[in-house]
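Since the structure of chain A is already known, use the hints to place chain B with the ligands on it.
Residue numbers (the working numbering), protein chains in the order written: chain A, 1 to 249; chain B, 1 to 339.
These are calculated hints, taken from the structure and not from any lab test.
A few chain B residues that face chain A, going by a derived Cβ cut-off under 8 angstroms, partial list only:
1. V202
2. S205
3. Y207
4. A210
5. G213
6. D216
7. T219
8. R220
9. L224
10. L231
Quick reminder that beta carbons are idealized off the backbone N, C-alpha and C, glycines included.
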Amino acid sequence: MSLFRAEGLVKRFGGLLATDHVELAVEAGEIHALIGPNGAGKSTLVNLISGLLPADAGRIVLDGVELTRLAPHQRSRHGLARCFQITSVFRNDSVRDNLMLAVQAHAGSSFRCLARRDAEQALQQRAEALARRTGLAEVLERNAGTLPHGVQKRLDVALALASRPKLLLLDEPMAGMGPEDSVQMVALIRSLASEAGILLIEHDMDAVFELADRISVLVYGRVLTSGDAAHVKGHPEVQAVYLGTEAGA
Amino acid sequence: MQDGAQHAASSAPDGAPVGVRARFPGLARRLPWLVLALLAAFPLIAPAFGLEYYVGFVRRVLIVAIAATSLNFILGYGGMAALGHAGFIGVGAYTVVALVEAGHSSAWLAWGGAAAVAGLAAAAIGAVSLRTRGVYFIMITLAFAQMLYYLAVSLRTYGGDDGYGLYTPLEMGAGLDGVHPQVFYWVVLAIAALVFALFSRVAHSRYGHALRGIRDNETRMVALGYPVYGLKLAGFVVAGAVAGLAGGLLASHNAFVSPSLMHWTQSALLLVMVMLGGAGRRWGAPLGVALWLTLEEVLKLHTDYWHWPLGLLLLLVVFHAPQGVAALFERRAGREAAR
Ligand SMILES: Nc1ncnc2c1ncn2[C@@H]1O[C@H](COP(=O)(O)OP(=O)(O)O)[C@@H](O)[C@H]1O
Ligand SMILES: [Mg+2]
Chain A
1 MSLFRAEGLV KRFGGLLATD HVELAVEAGE IHALIGPNGA GKSTLVNLIS GLLPADAGRI
61 VLDGVELTRL APHQRSRHGL ARCFQITSVF RNDSVRDNLM LAVQAHAGSS FRCLARRDAE
121 QALQQRAEAL ARRTGLAEVL ERNAGTLPHG VQKRLDVALA LASRPKLLLL DEPMAGMGPE
181 DSVQMVALIR SLASEAGILL IEHDMDAVFE LADRISVLVY GRVLTSGDAA HVKGHPEVQA
241 VYLGTEAGA
Chain B
1 MQDGAQHAAS SAPDGAPVGV RARFPGLARR LPWLVLALLA AFPLIAPAFG LEYYVGFVRR
61 VLIVAIAATS LNFILGYGGM AALGHAGFIG VGAYTVVALV EAGHSSAWLA WGGAAAVAGL
121 AAAAIGAVSL RTRGVYFIMI TLAFAQMLYY LAVSLRTYGG DDGYGLYTPL EMGAGLDGVH
181 PQVFYWVVLA IAALVFALFS RVAHSRYGHA LRGIRDNETR MVALGYPVYG LKLAGFVVAG
241 AVAGLAGGLL ASHNAFVSPS LMHWTQSALL LVMVMLGGAG RRWGAPLGVA LWLTLEEVLK
301 LHTDYWHWPL GLLLLLVVFH APQGVAALFE RRAGREAAR
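Extracted from the complex, chain B is given alone in its bound form:
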């Protein structure tokens, strides 16, 4: 019994916390729905606690979590340490700007376009970058993202360095606009939930297994007959498209787009959040994003030197939970279940 629980807790690094499952059968299955219900109810109950301001904050967490989930897919499952993911967020955001500037006002066209254009950019960048490995891959993805950054800086029509304000909100149609001040929040939540559910599902598919095989032993996968390059490129394109979607949503969220969205420090931050939460773990990306952004928000209230405690936290995680917070949670749950 003891052995079984220990083994179970360690043998499913990407699934829901197995220890929890052993202790409360059904809870692990219901946990995502519980989280979803709480998040859905939040805009309705927030005013009662004077937390209206935080509805916007949670919306930002959700959008960043979408981008982080896509990065976790290629980094954690695919072993591709891309240091240019914010570039695709930027491509998505600027696609929205370009469509608005051209006179379009449909939100779905803008966000869909953001995903499509970012996916195309990822196809081009990935086709070149994925011919390299290790440090070279990190550097080349960084270089491409910096090119996109300077491209945005040079685009005078879209404000260059100063950025571009989106003064009228995009129209979602279908009677959604103006029904409730927080409609956009729920739309973001629905998209985030869908993205999370899809990636969770893909992780257990043939493709998901193949991707992890490539991460763990690429040479063997090649020898086994897998078209490794094509498989990686497909993952890279999908991740880029989803990051672009997040960029499109972020443009609407901020009602403003500037090149700083895709500065390389943003890419690095995204990597840090994924690793903090737990790369290659189902809950890694949302956990990391929620933890990091919440701490940043809280610390900013109390001190101008909020970078220091955050850095300290990062060190702590590196030494005590190198697999990320999600892993720590799984391990603790496993130990308790074994008692």
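For reference, chain A alone in the conformation it holds in the complex:
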């Protein structure tokens, strides 16, 4: 049985069918890449899975637990985490405070209101460990909003990792990054696969072919085809719809 399954997911925006009966599975330890042209409905799919948008139809099951009717924060408790295409961090806080906030969410109650949070050594240690693992240890005390784009993207991923998720949804983690940052991100994503299934949305084809165990192609909200890199590269419709335009551009 798969770690994660989405079955018959549908989402309409008015007359637009943004998600068209999508079936998708991610195995434990697998990096499943989702590619497709802009506007294909990739981010919408991530929003449906993470619960930020309600689905019109379909089911979502993670590790045997049906998440379909759960609120997004409850899905997070069941092992789902995501990062955002448009970097979403706490810009006015230090990297340390960002990580503390992420770690705190899954380590005891956040209704505790008298004890000083920063005095909790266990939280500090977990935040620092997370920083080391994601290459943020040197910028712990910097304000997140002042960091270069690539570092902010890494922080975004680090925030998602804090909950030790079973399934990680990465929405274009390398978008707008320089080559150096990309290399670092590829290494980070590869290191994560041992502990979580990953659904990776990415436009950088080199990164996708390097990382993905399986690739699905989304076009007009529909999964066009799914398979390994060779299969996708050789698929005539995919070449026409997606890779063809990339190569021509």
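Below, chain B with the ligands without anything else, positioned relative to chain A:
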């Protein structure tokens, strides 16, 4: 050194003025105690300067500051722009009226009841309002407060439009009554200090950090697994209860309660005072209240057109210190320390 002080001054928007801390280590820590001591001594030294009248005035400032501190908690830390906070002050005040009308005379029962009933009202109103965002939230909290206002107007037993006079002061017991004419002042001061200290402490707790996270990036907080709705509702209920407590104290202070307490302009005024002082800053609420009410008092002595200079002051603050007076103070202190 220079960089350090600048950075420090800008990096703790909610704490005590960090620049002051850099320049006079210990002063920032002692400042609250200094203020408290001065306020405690005020009723004793006021007669020597012919300022007896102002003991009552300071007492009112303290009570309004309690309400403003609770509003600052949800507005400044929680990002909830509630435009109906005076509604909870009114619920507190009318709870005292209802208890007195029913024959009770204990101050602690009345004030405690004021907080409890206002907290319940905040739970009901918040449960609905917090499902909305932005302008809708502002409008719906305003609408609920107006409903409470008209409810009070329609309560003939409690005087309706004319209000309700509390002719005998509530009894505080424990040998407090009649010891000194200003006992009530010190009780108010103690409550205000306690409320201020508690909220200051909560700001640095897990809950306080979570609340600010919601203010800064709610979507991310949801994705991180925070029960955002529950966290906001808890803050809203506590703030409502504390505003109700302030309402109960205000009823005793004025020995009179009327619906005008919860008119929407009172809610707006409370918002203005918090923003003037500095929303989301530790000293924002008391500073804003003290500044606004003092200026109002002084200007009223000299002119009937006191609204104009106050409006002008507000414009000045909006353009020169959009973060509030507390922020201006912190920044200046930081610059001086860097010199
Ligand atoms: N909240 C929304 N309301 C209306 N239309 C939307 C919304 N979000 C996305 N869409 C539309 O749905 C389609 C898919 O968008 P999106 O999921 O962002 O695509 P992708 O991430 O693949 O580029 C687009 O046509 C987009 O305009
Ligand atoms: Mg997208």
